[in-house]
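Student: Use the sequences and the hints to build the structure in full.
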Amino acid sequence: MRVMVLVKATKDSEAGVMPSTELLTAMGKFNEELVKAGVMLAGEGLKASSNGARVRFEGAKRSVIDGPFAETKELVAGFWIWQVKSLAEAIEWLKRCPNPHPGVCEVEIRPVFEASDFGAELTPELRAQEDRMRKETEQRAR
Amino acid sequence: MPPTDLHSTIDAVWRIESAKLIAGLTRLVRDVGLAEEFAQDALVAALEQWPATGVPDHPGAWLMATARRRAIDTLRRGPRVEAQHDELAAQLAARAERDVDAELDDDFGDDLLRLIFLTCHPVLPSEARVALTLRLLGGLSSTEIARAFLVPEPTIQQRIVRAKRTLAEHQAPFEVPRGPELAPRLASVLEVLYLVFNEGYSATAGDDWMRPSLCDEALRLARILSALTPLEPEVHALTALLELQASRTPARTDATGTPILLLDQDRSRWDRVLITRGLAALARAEELGGTRAPYALQAAIAACHARAPTAAATDWPRIAALYTTLAELTPSPVIELNRAVAIGMAHGPAAALPLVDALASNPTLANYPWLPSVRGDLLRKLGRPTEARAEFERAATLNQNARERELLLRRAAECTP
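Those protein sequence lines, which keep their order, are chains A and B. Its first residue numbered 0, the first sequence is counted upward by one per residue in numbering that gives the first Met the number 0. Its first residue numbered 0, the second sequence is counted upward by one per residue in numbering that gives the first Met the number 0.
One or more hints might be untrue.
[Stated by the list, open to error] In the DSSO-like style, the derived pairs of lysine-lysine whose C-alpha atoms are separated by at most 30 Å in a straight line are: (1) A:K94 with A:K28; (2) B:K19 with A:K94; (3) A:K28 with A:K60; (4) A:K7 with A:K46; (5) A:K28 with B:K19; (6) A:K60 with A:K94; (7) A:K35 with A:K94; (8) B:K19 with A:K84; (9) A:K35 with B:K19; (10) A:K46 with A:K35; (11) A:K46 with A:K72; (12) A:K72 with A:K94.
[What the hints assert, rightly or not] Partner residues are not named here, just some residues of chain A that face chain B (Cβ under 7 Å, in silico): (13) V34; (14) K35; (15) K84.
It should be emphasised that the hints constitute simulated quantities derived from the structure, not laboratory data. In this text, all values refer to a predicted model and were calculated from it rather than measured experimentally. Virtual Cβ for every residue (Gly too), placed ideally from N, Cα, C.
Tutor: Below is the structure:
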């Protein structure tokens, strides 16, 4: 299974305080371990929300909201995509991660949906849509 | 079962630590069979003690310390292994000096890598290499391996026992091969990963079209190997090939499990993360000068498909050229057949049919289901449906995979004059 691991923001990360050399080194070592275990598929750190924007959807209306955003603890400061066998494995790996921020912070693990999860959800309509696309492709190939 | 359940935690710790544990112990006791026994002893101890004590802060270190203790106790105590123990002690003493030098100028200072080379040792038949690698590096149980390969569990157990005995008899060294020895040994490792992946990707028998856990495992081991041997182009190339093949998994079957052929697949369902990784791994292999090599060429072919936004946009002339080079490097009628398909797509079915007809007399392909299938496809496009139908039916008779057989019969039925 694939999981997304979400590192939440802190006051410091939102203020654009860069991680210490010590933390960067520890994190680098942890990332290397993940790569050597064939676990890490991707991962990035995100700039503070003051660099970002949101698009708000309200019916047909779209409005743009510039960062920064208030609810610091709910913001994401970085993420990984891991390939693991179980949620328990992801938890075990995460426990080995150096504390990504000085002080208290939470890191969240969220399993990614897989095709098999959609078994019953793949409605006849969606299936028909797929069949239609397949037929079109076949016709183009002919 | 909740993920925080102790058994799931121990399972997870085992998956993370077992290969490193067995590798470290093999270096210590110089026998992979004994090493696995001691690692298993440590696992049993964890299962007994952790429910009371909780999971230790450093479970890997705990397991290693426990296994080491068991190893020393057993070797000291057992009259059964007295002779072996003396020998081992002597070896350990002799090793101490040698290792300082060896480890300094070793190409790779990694027990895990040594273990991979050991379980994929060419002295073992390929089935044994596969089983031993999945067991010791993948951390899979005999039950899991048996289920994946659709063979009885005792068969797998026997293969593993025999493999360990063969390694001991041949005194296969626990080291990373160097110099002229490296290339053939590495080829043997790559072959094992390729076999495991393919077994999962397209089952040769039975009702399951895919056994995804084998693909996951092969891909994981390939990624590990890439990290451990970063300068080996063919390792990156194999990883690229597996990433790119695996990227199509979500599109390879419909909701009922029926296979969908490559050109009919909904490309929006291809896994972009794996495609990105595959293309990056291929670029790495090419940077390292590994363009003209079997896995690099296959990965380059897979990359042509991955890069094409639609089936119609596929760069068939390039694929045909890559197959031509591949056929020069590793001549095989199967590659020739694939080359013929690419030529058919690039230059039309009339250009490909004579190439396929020339292969029909090849005894290697006498019972190969994809030959009549390809021929059927060309005949259909050439407006010869009756002959096409006969070829698809013949292909279905030859195919052992129930799902693929259904697909071929459906294609036969679609051929109406």
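Student: Against each hint, give a clear statement of whether it holds in the structure.
Tutor: Structure-based check of all given hints:
no. : hint             : verdict
1   : A:K94 with A:K28 : 14 Å, holds
2   : B:K19 with A:K94 : 18 Å, holds
3   : A:K28 with A:K60 : 46 Å, violated
4   : A:K7 with A:K46  : 12 Å, holds
5   : A:K28 with B:K19 : 17 Å, holds
6   : A:K60 with A:K94 : 43 Å, violated
7   : A:K35 with A:K94 : 17 Å, holds
8   : B:K19 with A:K84 : 17 Å, holds
9   : A:K35 with B:K19 : 11 Å, holds
10  : A:K46 with A:K35 : 27 Å, holds
11  : A:K46 with A:K72 : 15 Å, holds
12  : A:K72 with A:K94 : 20 Å, holds
13  : V34              : 5 Å, holds
14  : K35              : 4 Å, holds
15  : K84              : 6 Å, holds
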